[in-house]
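Asker: These are the residues of each chain, in order.
Number of protein chains: 2
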Amino acid sequence: MGLDYSHIKVVGFDADDTLWVNETYFREAEEKFAELLEHYETKNKIDQELFKVEMNNLELYGFGIKGFMLSMIESAMELSNNNVSQETINKILEIGKFMISRPVELLDGVEEVLATLEKKYRLIVLTKGDLLDQERKLDRSGLSAYFHHVEVLSDKKEVNYQNLLDHLEIEVGEFLMVGNSLKSDVIPILNIGAAAVHVPFHTTWAHEVVPEDEHPNGHLTLNSLKDLLKYLN
Amino acid sequence: MGLDYSHIKVVGFDADDTLWVNETYFREAEEKFAELLEHYETKNKIDQELFKVEMNNLELYGFGIKGFMLSMIESAMELSNNNVSQETINKILEIGKFMISRPVELLDGVEEVLATLEKKYRLIVLTKGDLLDQERKLDRSGLSAYFHHVEVLSDKKEVNYQNLLDHLEIEVGEFLMVGNSLKSDVIPILNIGAAAVHVPFHTTWAHEVVPEDEHPNGHLTLNSLKDLLKYLN
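Just so you know, the sequences run in chain order A and B. Read left to right, the first sequence gives residues 114 to 346 (the working numbering). Read left to right, the second sequence gives residues 114 to 346 (the working numbering).
Calculated directly from the structure, the hints in this document are not laboratory data. A portion of the hints provided could be inaccurate.
For chains that are exact copies, the list does not tell them apart, and a pair is met inside one copy or across any two.
Cut-off 30 angstroms, straight-line C-alpha distance, at most; resulting in silico cross-link-like pairs (BS3-like, lysine-lysine) [as the list claims (entries may be wrong)]:
| # | residue 1 | residue 2 |
| --- | --- | --- |
| 1 | K165 | K210 |
| 2 | K210 | K270 |
| 3 | K204 | K158 |
Fair warning: this is a prediction, and the values are worked out from it, not measured in the lab.
Working from the sequences, and respecting the hints, build out all of it.
Answerer: Spelled out as structure tokens, the structure:
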């Protein structure tokens with residue numbers, strides 16, 4: 114397929130950290146969480162413990178803020194040897210509620226790119242995470258009208274993409290996926306034979322990091338979503 | 114439309130308390146939660162407070178077990194005036210994790226009904242709640258193969274149903290919805306002009322209860338899903 118995008122008819126966009134800011138808010142929440150527990154452990158150890166608990170709970174809770182809140186509470190218990198104060202638990206609940214209700218901050222050039230591409234391509238959103246959170250963010254983003262279809266997936270593995278393309282009757286050779294995560298938006302897409310554009314975000318959640326020797330090839334990497342207009346027009 | 118189902122081509126099934134047990138598990142969790150807090154308040158007051166917190170959080174958290182867990186923790190703080198023990202918080206997390214990982218218990222006659230109806234109708238699942246929880250339950254239920262499509266909605270209002278029927282290109286006059294909730298499975302369906310069958314479950318969450326003077330009419334009520342075979346054949 115290379116970089117010949119002349120057969121592309123449908124462009125799929127990841128949402129978090131591709132259309133709008135997300136990971137930054139998780140990092141800010143982790144900072145606040147570490148401050149709440151600084152009597153008990155070092156910042157480094159707190160980060161590690163929280164990530165470990167999140168990974169242990171991933172199969173049970175999936176992706177999203179509510180699972181993150183529950184993992185913060187569980188980590189606070191473990192890090193403090195069950196001595197964390199009730200006040201701290203309340204503050205953890207507040208951190209999470211603040212995350213859920215934050216306004217949506219669009220990334221640079223998103224509206225321009227969507228407004229241009231929608232004239233020639235069918236645009237869809239393919240995101241993972243919490244259904245209600247993602248629907249709310251799309252609604253608040255003001256971008257809904259650009260998209261023919263929005264799909265919130267419980268995960269972004271090859272089988273999830275393949276099932277969705279089948280369901281939407283999209284030929285794999287006509288599909289291009291754009292996103293910030295090599296693991297979720299690029300590798301599975303290349304593996305099913307579709308095209309992928311990687312637009313890295315400055316911050317990547319440890320769970321999404323791909324070791325360098327497993328980096329894929331055959332995809333286009335762009336510094337900014339705006340550069341997409343140079344390749345799709 | 115009456116009870117003439119000769120035009121029906123697609124049958125939608127609610128999942129929780131229609132295909133498998135769900136509300137019973139929430140009631141059991143509420144019982145355990147009340148036992149944990151019995152030093153602080155009466156059972157009645159604990160139930161009321163938890164429901165109040167759940168309703169306050171519904172817009173933020175949506176439906177599902179993770180939001181329920183977070184509301185239990187918040188209620189425990191309020192009911193105990195922030196004196197609840199760390200041990201109790203851990204036990205609340207355990208209650209929720211147990212709920213998420215429970216096996217799926219099919220209701221009476223479900224397999225027989227689906228196996229019979231799939232020969233003549235397109236069957237779909239329309240459920241609300243947490244995406245990952247619902248996918249997991251469907252997977253564990255062993256029922257996936259009976260369904261042409263599975264949709265997890267963030268809510269079951271008229272607009273959610275109408276959008277989905279449009280998306281799946283289903284004519285409203287060809288659609289019949291089967292579920293246990295008058296509020297979510299019957300009233301919005303009748304309002305968009307489709308047909309509805311109500312199969313009450315013995316337990317209904319207070320949020321789903323419809324006052325008697327607002328009960329709909331024009332739908333079929335059945336004691337058991339098995340009786341559906343008398344009307345659709």
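Asker: Need the list of violated hint numbers for this structure, in ascending order.
Answerer: Those not satisfied: there are none.
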